[in-house]
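Student: Just so you know, the sequences run in chain order A and B. Start counting the first sequence at 498; every next residue gets the next number (our numbering). Start counting the second sequence at 901; every next residue gets the next number (our numbering).
Quick caveat, the hints were computed from the structure, so don't treat them as lab data. A hint or two may mislead.
What the hints assert, rightly or not - Covered by chain A, per the in silico footprint, the following chain B stretches (three or more residues, Cβ under 8 Å):
hint: 1; region: 931 to 939
hint: 2; region: 947 to 960
hint: 3; region: 976 to 982
hint: 4; region: 1057 to 1065
What the hints assert, rightly or not - Sample of chain A residues at the chain B side, in silico, Cβ under 7 Å:
hint: 5; residue: Pro535
hint: 6; residue: Ile539
hint: 7; residue: Asn708
Please read all numbers here as calculations on a predicted model, not as lab measurements. Note that beta-carbon positions come from the ideal geometry of N, C-alpha and C, so glycine has one too.
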Amino acid sequence: MKNNIFFLLLISVLIGTSVSVKAQDLLKIIDEEYPNTPQYEIATFKATRLSIGQSIENRKKGVLQLMVMNRYWNLPNNVQTQSFVADKWSARFGLEYGLTDKFTIGGGWTSLEDTYDGYLKYRLIRQQKNSKKHFASVTLFQNASYNGNSLEDTFSKKLAFTSQVLIARKFTPNFSLQIAPTFIYRNATAVNNDSNSHFAIGIGGRYKLANHVSLVSEYYHVTNPITTKDTYGAFALGVNWDVRFLMLQFQMTNTRSMVEDAFILQTPNNFNTEDGNFVFGFNAVFTLN
Amino acid sequence: MNKISFLIFLFSTLISFSSKTDKVIARQGQVSFFSYTTAENIEAKNNQVLSIIDFSTNEIAISMLMNAFVFKKSLMYNHFNDSYIESDLYPKATFNGKIIDLDITKEGAQTRIAKGTLNIRNIAKEIEIKVIFENKKGSYSLTGDFEIIVKDFDIKIPPIVAPNIAEIISTKFIFEYQPYEK
């Protein structure tokens, strides 16, 4: 008798658990039915520029991006300044267009140096989730720039070229890191014994502070800098804020130019808060579908 | 000894009973959502939604990857995944529940209530959805629509975007089922 009661209890427990577990079981069955399609990482960075330099991101097919980049700084020892906000202002107006999902073309004009630049960006590898083979994203970047203020006499001597292999990985949903080996070739040098070819390495990161705000920083180190004048590595610390079709990028930096070869190679001042060294930057990026 | 054999017998019947159940699966179910405001209309579609119905219990489960939603504008896709749904942290949305009074032998369409738990961003909500179940000579389909209140799932929308995103999102689904074989 005692055994029978125990037995009935056991049965009721068994039936009870088998019923209550059922609905969850269906979800478990479904989980195993997901096809093994690659899951790409989205938004390693959100803009095509990390802050001052290029990021691995590009624009999708048919998307046009308009960007206005501004740099403001004061002149050192300028006692009689009457300027509003800052002594100097330089702006770059640029367009970017996605020919395909992987291939983007772009170009722009910078006011102060009268520099025209054009570039191609190709997204070679996209990082995939839980993939040992595709653990990072790789984008190739090639630009050419024409410096209208250059003292050289021929067109070709005013040209410079920058090639970059941008490698980035989204480590966590909030944190991404980018390394950018860079090669710069200048057609002309100020002094003959200065090198035409330069190597640099860029490192940059993004930390997502909130859903629409991220902290970014970048640094470029030139392995063989220009010998005829003192130059410093390009540095930026900034905040990116994005909503809908607009992204605003604010940065504190020591770079005044916005074209790759110029700011990586020819930043004449270190980063500190003194007049002439401290540059405030502000990019407005509009995306039109 | 007798009792032990009886127990084994009971176990095996229980197990065989549960594995014999008739299940159907939809592997390319469609779920789409719409946000209508005077400022902007947003819509997105997911064509890779999974769903299983167990006919022995009338239980249903639905599961989808949030990053499989396709938008007209690529930037919206980025914002949806990165800033609103946070699909890195919460990759899936699921529903599990029961279709009440479902009679699969009945030919043609029947309107029923599906009662269960909707889970988005790890937030579970009990909901009831009016569904139309159709048996067309042994091929089954399930369609319906329902509304999601954005606030219920802790999706933060900054004030500057508020006029562009509806507070209530209307959602539609179509599933076509095939026999499920393991």
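Student: Please go over all the hints and tell whether each is borne out by the structure.
Tutor: We went through each hint and held it up to the structure:
1. 931 to 939: violated (count 0)
2. 947 to 960: holds (count 8)
3. 976 to 982: holds (count 5)
4. 1057 to 1065: holds (count 4)
5. Pro535: It is violated, given that the least Cβ distance between A/Pro535 and chain B is near 11 Å, above 7 Å.
6. Ile539: holds, 5 Å
7. Asn708: holds, 4 Å
Of the numbered hints stated above, those contradicted by the structure are hints 1 and 5, listed in ascending order.
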